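Asks: Dock chains B, C, D, E and F against chain A, hints included.
Each chain is listed here by its residues.
Protein chains: 6
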Amino acid sequence: MSDLTHFNDQGRARMVDVSDKDETVRTAVARSSILVNETIHRQISEGTNKKGDVFAVAQVAGIMAAKNTPQIIPMCHPLPLKGIDISFKWNVDEEAGHYEVLLEASVKTKGQTGVEMEALTAASAAALTIYDMCKAAGKEMIIGPTMLLEKTGGKSGDYKRD
Amino acid sequence: MSDLTHFNDQGRARMVDVSDKDETVRTAVARSSILVNETIHRQISEGTNKKGDVFAVAQVAGIMAAKNTPQIIPMCHPLPLKGIDISFKWNVDEEAGHYEVLLEASVKTKGQTGVEMEALTAASAAALTIYDMCKAAGKEMIIGPTMLLEKTGGKSGDYKRD
Amino acid sequence: MSDLTHFNDQGRARMVDVSDKDETVRTAVARSSILVNETIHRQISEGTNKKGDVFAVAQVAGIMAAKNTPQIIPMCHPLPLKGIDISFKWNVDEEAGHYEVLLEASVKTKGQTGVEMEALTAASAAALTIYDMCKAAGKEMIIGPTMLLEKTGGKSGDYKRD
Amino acid sequence: MSDLTHFNDQGRARMVDVSDKDETVRTAVARSSILVNETIHRQISEGTNKKGDVFAVAQVAGIMAAKNTPQIIPMCHPLPLKGIDISFKWNVDEEAGHYEVLLEASVKTKGQTGVEMEALTAASAAALTIYDMCKAAGKEMIIGPTMLLEKTGGKSGDYKRD
Amino acid sequence: MSDLTHFNDQGRARMVDVSDKDETVRTAVARSSILVNETIHRQISEGTNKKGDVFAVAQVAGIMAAKNTPQIIPMCHPLPLKGIDISFKWNVDEEAGHYEVLLEASVKTKGQTGVEMEALTAASAAALTIYDMCKAAGKEMIIGPTMLLEKTGGKSGDYKRD
Amino acid sequence: MSDLTHFNDQGRARMVDVSDKDETVRTAVARSSILVNETIHRQISEGTNKKGDVFAVAQVAGIMAAKNTPQIIPMCHPLPLKGIDISFKWNVDEEAGHYEVLLEASVKTKGQTGVEMEALTAASAAALTIYDMCKAAGKEMIIGPTMLLEKTGGKSGDYKRD
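Protein chains in written order, with our numbering: chain A, 27 to 188; chain B, 27 to 188; chain C, 27 to 188; chain D, 27 to 188; chain E, 27 to 188; chain F, 27 to 188.
Just so you know, the hints here were simulated from the structure itself, not pulled from any lab data. Among the clues, some could well be false.
[Said to hold, decoys possible] With a straight-line cut-off of 30 Å between C-alpha atoms, the simulated DSBU-like cross-links for lysine-lysine are: (1) F/LYS181 x D/LYS136; (2) A/LYS136 x D/LYS181; (3) A/LYS181 x F/LYS136; (4) A/LYS115 x A/LYS47; (5) A/LYS136 x B/LYS165; (6) D/LYS181 x C/LYS165.
In this text, all values refer to a predicted model and were calculated from it rather than measured experimentally.
The shape of chain A in the complex, shown without the other chains:
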């Protein structure tokens, strides 16, 4: 059974030594979401159809957060990311009054550790940005669940959420 490798002999956190790992192409895809009210749904949708694009700002926020992940997550290794993308999809059931944005963040690198944290951080930052830009119309929005959908590359093998 695996132990918490992030701790040293003194029981305190360290950034694990990965210098022996292989440098391979690694990808990760994470999902988050944000549940909004009808007003916010209409505002974002209309904005997107015209020019005021909440998702465009969230996109930039997510991409920059992916690059800043080692500054946000203390034990996360710095990695020269090679590609980052984020997509948005509405999941709406008007009758049920359900208005939800699904976000997917994809990150790619060639390095000695995986990019799960970068994908998860990108998705979280994008969702938080949507919250920030829409909170004047309703503070009850709910972010998440946020989770890893899949990863490839590295010794621990590929992962795909069922």
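Replies: Below, chains B, C, D, E and F without anything else, positioned relative to chain A:
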């Protein structure tokens, strides 16, 4: 009905002018959570009882993220935060195999805008840090839902989630 | 005649003490520009009319750079900015083959120093971002001239470029 | 004709995937400039001859900005820069009352994308720093034009401004 | 006897709430030092007399580190610093082969917490920068002792090292 | 005799070109220390035995500072660090009233320059964090001496302090 105030005449995002708002004490409390497996629950719990304290690292990550919120959330105003705290609580049902960490982040400032985003960002970063430190023992962890519990101060009045 | 106040007795740079200055509302507007070729003009324009909005990304870059100015400009005082906006305008003469984007960045604060540098930095970062996103279609783009258009507030009085 | 590769299928910005590109040595040289008045010219020149060296501060600002480019330019890839240098040259015509500082920033890396943006950002930050340190003696300074002088390395080949 | 106020009820670190403290002018002066060999002493001194000024770079590093202190020291409050200065003095005894740079960093703000950490961080960063720029000529340099010389302002009163 | 390689022909600082150096595994270990009073010694020790762990926060601060070294030390090359660890040891002589924390920071990378600065910066930031968290119980603490204990890898060979 309120519009999306974060957009200018050209339909592009701006950081809203708050220079006319009152400078008052403002607080916000946000919650996030992370669902883990039994192994991770045991590792964190044992570590906490000894010295290897996952939550101690998550605490620092959340506090630093609160201070960095204006760099993470593009349209968020910079604020000289006056106090930040984060607490952790286990919500466990062993029979149901349910192991969940509840996180609450409290932020306080005296300024012209609220600190909802700082509290939400702190809670998210703390949860992401737990994910990072435990992912070797299970990548299926689920972060969130993440939400605002309450806020005080400012013209829009207090908010308390039902 | 004024001396270079940014130097101490040893002739080395310091961040000037402004603690005796009045805390007043201060604004600044700066302009930059970027000269592009016909292809880039068409790509940006079409993107803007559809959804791929180069200016939306440049907008976010400029706003975040304004907030980061004290980290970019060494002797610049940190200030809690209250409002930031950026606008874009095409200056096109098709016959002359002249395609130019004019950018204006407006920044507002209430503090003890002015926000000229924040406005100039925002305009510069927004122009650099346009360069970055369009450089695959022509590296000969020219940024600037970049200049202060006006400022208000503070002891040195208002300034307006002729 | 090349398209705007910085956009995904949803028409929103992404950080382009470069993981298939070759890792080669890449260099870029960018130029900026700043037009100052006679007083500022004398202050900088005398400072340089003695000890208060405006250019020394601008140099540090430019080098640090080059390293921070992926935080300033949203879609720019992070790269482990290998060398950065900046040089300054006066272009003065006393009779015409023309006092101009020319700045050249050179950046080198070994990586999968070019360093044009790092060179342009370094030159811009250095020029902005000169503005900041001299603005007490005249806010009418003009920064730029800022442009790429040359680049080498990478699939798109070398570039040299005529 | 004072307790460790930086811990919450769960025994984990928090950023202490200072919103009830008075906003007053606060200053702090910290000292560090770096012991170098004869070669480095000569190189720095000659450089300073000509143009290559190690201390000029260390000066900028210290000033920027003072502004970044809340990002470097996790529980440190963000403060809008009003003035920062650093000075350098040689303490040399050629017969004893003793070559030491003394650094003093002064920081001033108007706020609800003191600036001891900003002064100590500035002095440390400046000393580290000297190490970095001279390490090719001798890695045995010794930094420190680093200490607070004095502080003024705030409820806990003034402090002056004997 | 080696010159100051950090200066260009104009006598101003540059980030030295290292693109011709070999990419090898490199390690560095640095030491710092902090001298505290009896009260602080007791507070930290009791906290460590329970849950309020000053060293846990200092550990995170040191690890994040190692990753931020190129933003703190102006001429320092950015490097993708592979492992970082910090350990703490009490050096106590109760009769002499001597209470000192010894800190050791170890950093590892695979790259074209060494990691001495990262190790020294990590040790310094960890010591500064201890100062910050304990300063309410005594501002007379002394940080350092801070020094390099050893390094391996790179053309200049290994170094070990006597």
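Asks: Among all the numbered hints in the text so far, which are the ones the structure does not match?
Replies: 4
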